[in-house]
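Please arrange chain B on chain A, whose structure you already have, making use of the hints.
Here the protein sequences come in this chain order: A and B.
Following the UniProt record's numbering, the numbering of the first sequence begins with 1 at its first residue and continues without gaps.
Following the UniProt record's numbering, the numbering of the second sequence begins with 1 at its first residue and continues without gaps.
Worth flagging that the hints you see were computed from the coordinates, not collected in a lab.
Just so you know, not all the hints are guaranteed correct.
[As the list claims (entries may be wrong)] Chain B residues, not near chain A, derived (Cβ > 12 Å throughout):
1) SER27
2) GLU36
3) GLN106
4) ARG133
5) ALA147
6) PRO159
7) PRO176
8) PRO232
9) GLU246
10) PRO264
[Unchecked claim] Stretches of chain A that chain B covers, calculated by requiring three or more beta carbons in the stretch to come under 8 Å of a beta carbon on chain B:
11) 158 to 164
12) 253 to 260
Being a predicted model, the structure only gives us computed values, none of them experimental.
Ideal placement from N, C-alpha and C gives every residue a C-beta, glycine not left out.
There are 2 protein chains.
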Amino acid sequence: MWIECVPNFSEGRRLDVMQAIAEAAASAGARVLGMEGDYDHNRSVLTLAGETATVEEAVLRAAFVAVSQIDLRRHVGTHPRMGAIDVIPFIPLEGTSMADAVQAAQRVGERLGRELGLPVYLYEHAATIPQRRNLADVRRGEFEGLAARMSSDVPDYGPSSPHPSAGAVAVGARRPLIAFNVFLNTTDIQVAQAVAKAVRNSSGGLAGVKALAMDTVSQGQVQVSLNLVDYPKTSLPRAVEMVRQEAQQYGVSVARTELVGLMPVQALLDTARYYLQQPDLTLERILEWQLMEQLDDAGRVDKP
Amino acid sequence: MWIECVPNFSEGRRLDVMQAIAEAAASAGARVLGMEGDYDHNRSVLTLAGETATVEEAVLRAAFVAVSQIDLRRHVGTHPRMGAIDVIPFIPLEGTSMADAVQAAQRVGERLGRELGLPVYLYEHAATIPQRRNLADVRRGEFEGLAARMSSDVPDYGPSSPHPSAGAVAVGARRPLIAFNVFLNTTDIQVAQAVAKAVRNSSGGLAGVKALAMDTVSQGQVQVSLNLVDYPKTSLPRAVEMVRQEAQQYGVSVARTELVGLMPVQALLDTARYYLQQPDLTLERILEWQLMEQLDDAGRVDKP
Numbered sequence: 001m002w003i004e005c006v007p008n009f010s011e012g013r014r015l016d017v018m019q020a021i022a023e024a025a026a027s028a029g030a031r032v033l034g035m036e037g038d039y040d041h042n043r044s045v046l047t048l049a050g051e052t053a054t055v056e057e058a059v060l061r062a063a064f065v066a067v068s069q070i071d072l073r074r075h076v077g078t079h080p081r082m083g084a085i086d087v088i089p090f091i092p093l094e095g096t097s098m099a100d101a102v103q104a105a106q107r108v109g110e111r112l113g114r115e116l117g118l119p120v121y122l123y124e125h126a127a128t129i130p131q132r133r134n135l136a137d138v139r140r141g142e143f144e145g146l147a148a149r150m151s152s153d154v155p156d157y158g159p160s161s162p163h164p165s166a167g168a169v170a171v172g173a174r175r176p177l178i179a180f181n182v183f184l185n186t187t188d189i190q191v192a193q194a195v196a197k198a199v200r201n202s203s204g205g206l207a208g209v210k211a212l213a214m215d216t217v218s219q220g221q222v223q224v225s226l227n228l229v230d231y232p233k234t235s236l237p238r239a240v241e242m243v244r245q246e247a248q249q250y251g252v253s254v255a256r257t258e259l260v261g262l263m264p265v266q267a268l269l270d271t272a273r274y275y276l277q278q279p280d281l282t283l284e285r286i287l288e289w290q291l292m293e294q295l296d297d298a299g300r301v302d303k304p
Numbered sequence: 001m002w003i004e005c006v007p008n009f010s011e012g013r014r015l016d017v018m019q020a021i022a023e024a025a026a027s028a029g030a031r032v033l034g035m036e037g038d039y040d041h042n043r044s045v046l047t048l049a050g051e052t053a054t055v056e057e058a059v060l061r062a063a064f065v066a067v068s069q070i071d072l073r074r075h076v077g078t079h080p081r082m083g084a085i086d087v088i089p090f091i092p093l094e095g096t097s098m099a100d101a102v103q104a105a106q107r108v109g110e111r112l113g114r115e116l117g118l119p120v121y122l123y124e125h126a127a128t129i130p131q132r133r134n135l136a137d138v139r140r141g142e143f144e145g146l147a148a149r150m151s152s153d154v155p156d157y158g159p160s161s162p163h164p165s166a167g168a169v170a171v172g173a174r175r176p177l178i179a180f181n182v183f184l185n186t187t188d189i190q191v192a193q194a195v196a197k198a199v200r201n202s203s204g205g206l207a208g209v210k211a212l213a214m215d216t217v218s219q220g221q222v223q224v225s226l227n228l229v230d231y232p233k234t235s236l237p238r239a240v241e242m243v244r245q246e247a248q249q250y251g252v253s254v255a256r257t258e259l260v261g262l263m264p265v266q267a268l269l270d271t272a273r274y275y276l277q278q279p280d281l282t283l284e285r286i287l288e289w290q291l292m293e294q295l296d297d298a299g300r301v302d303k304p
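Extracted from the complex, chain A is given alone in its bound form:
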């Protein structure tokens, strides 16, 4: 019964704080699969996996550190955010169901409200009202708009007013997604905005694609930040190529791309299939993949 959890924190610059958050999670016995910060977003993504109860405890401990170390009143970054620990998605792994993930979100939400005094909004599969299914709607107005909005928008757990320094948190259950940034060879944010608008589904683009333009000044390039929420249908390479194509009409090329957190091996395979023009390539043709399965069948533990 393993579950994945990918909490996002509003800290991508102070490495000591990010490390303390990851260590707090690890101290509960959860597996830390990754902790990556982004300077411009001023945000970090922690990837956890383990037994459901262990992961829940790990998120709580990480949240304690975040609430004590991060002050949203002084937070500046390009990524929308409303809390020190901004969003906590639970993702079912093999052996757990979406219902399990929803229950984990409910238990963690209740504890965050009671133990940390954080207002908690359940979102996506854990949402209690339809208007909270979409994370972007839950976060609208961000930290600065919380006080005004909460008077009429009572959270699922915790107080009915924002935590003074840590804001509020969205806790939810969702399918796995790919978070991916594409840097464009221009400093003109309007190009990134036009590309994001063309690519994202809500304004006419690709199904399962969310996109935001980011003014990533420290890099000398603007960024289109993508979420692929249905990558089995709209694959990573297809989204990247649509960004490339849309940017081209402004004479702008793709400088590089960047993965946020982890991605499923399916995305690696989709990318090879697409660019190598080999639509029938499968993981069964990958030596180490086969060996791991075979060695496992034989009761061995050595992995290549």
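Structure of chain B alone, referenced to chain A:
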């Protein structure tokens, strides 16, 4: 002490023979990771892994079937070949060395000569003379030229004349390689020949790349058949893109590509790095990869 072995058989059309070969190998307890046939090449590639002694026995059993079922006097195909079981490379896996692979080649070579009456040439890391390091040199003249050539070129094991129906076999030890076919949108074999010549290292192309033009008539397209023998240096996407670039001067595009046998996960990663413009992508960013390592650390056996 696991080893990989990738014997090639001169049969890519009769599925029952290919299946009998794979079953013979499996009957010895070796893990069959793949068995793929190619109609035009009239050739198949069996991928085995297991304990060294088990894999050696498996190859012997597969060779018995091949020698009894395949008659080179009636074999037609585009791929160079000199034997029913044409080439037997042993490849060290983690925990085995190239010296172990050479010894496996020697033991199997000795038994193929003694038990099946096959002339055996040791090649590459197992070669006993420098002229036999390169497989293409060992196979020069193919099956039809064997009798004339063997009078002066005494094999390492077995008789000094060809097996009447099964020819001779090259047995060796080598590093892993990627065998890969690129189909071009033309029926003009001269285009494939020009591209192969430009790409292969022996005539001035990329380091670690071997290439042959193949008249793959059944597909309505010609083929450039590649071996990447040093893919950590000359990666799969780089070789594919050089083929694409060279074909373009003749107005010819890449129709599709095809993997022969298995490829290392490194090639999947190299492909994603190259086309996604993300040179620092690592396997640590792939969810299932991390989970397998983490689950393994925890002493679990479930794999995603």
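Structure-based check of each hint:
SER27 (chain B), annotated as away from the interface, keeps every beta carbon of chain A farther than 12 Å; the closest lies near 16 Å. The beta carbon of GLU36 (chain B) sits about 9 Å from the closest Cβ of chain A, which is not more than 12 Å, so the claim that it is off the interface is violated. Against chain A, the non-interface label of GLN106 (chain B) holds: every CB pair exceeds 12 Å, the least being about 24 Å. With a least beta-carbon separation of about 24 Å from chain A, ARG133 (chain B) lies farther than 12 Å from that chain, consistent with its non-interface assignment.
Its beta-carbon lying about 38 Å from the closest one in chain A, ALA147 (chain B) satisfies the requirement of being farther than 12 Å from that chain. Every CB of chain A is more than 12 Å from the CB of PRO159 (chain B) (nearest about 35 Å), matching its label as outside the interface. Once the 12 Å rule is applied to beta carbons, PRO176 (chain B) is inconsistent with being away from chain A; the minimum gap is 7 Å. Residue-level check passed: PRO232 (chain B) sits 14 Å from the nearest beta carbon of chain A, beyond 12 Å.
Its beta-carbon lying about 16 Å from the closest one in chain A, GLU246 (chain B) satisfies the requirement of being farther than 12 Å from that chain. Residue placement check: PRO264 (chain B) does not keep its beta carbon more than 12 Å from all beta carbons of chain A (closest about 5 Å). Counting residues of the stretch 158 to 164 of chain A whose beta-carbon sits less than 8 Å from any beta-carbon of chain B gives 0, not enough to reach three: the coverage restraint is violated. Here's how the stretch 253 to 260 of chain A fares: 6 of its residues keep a CB closer than 8 Å to some CB of chain B, so the rule of at least three is met and the hint holds.
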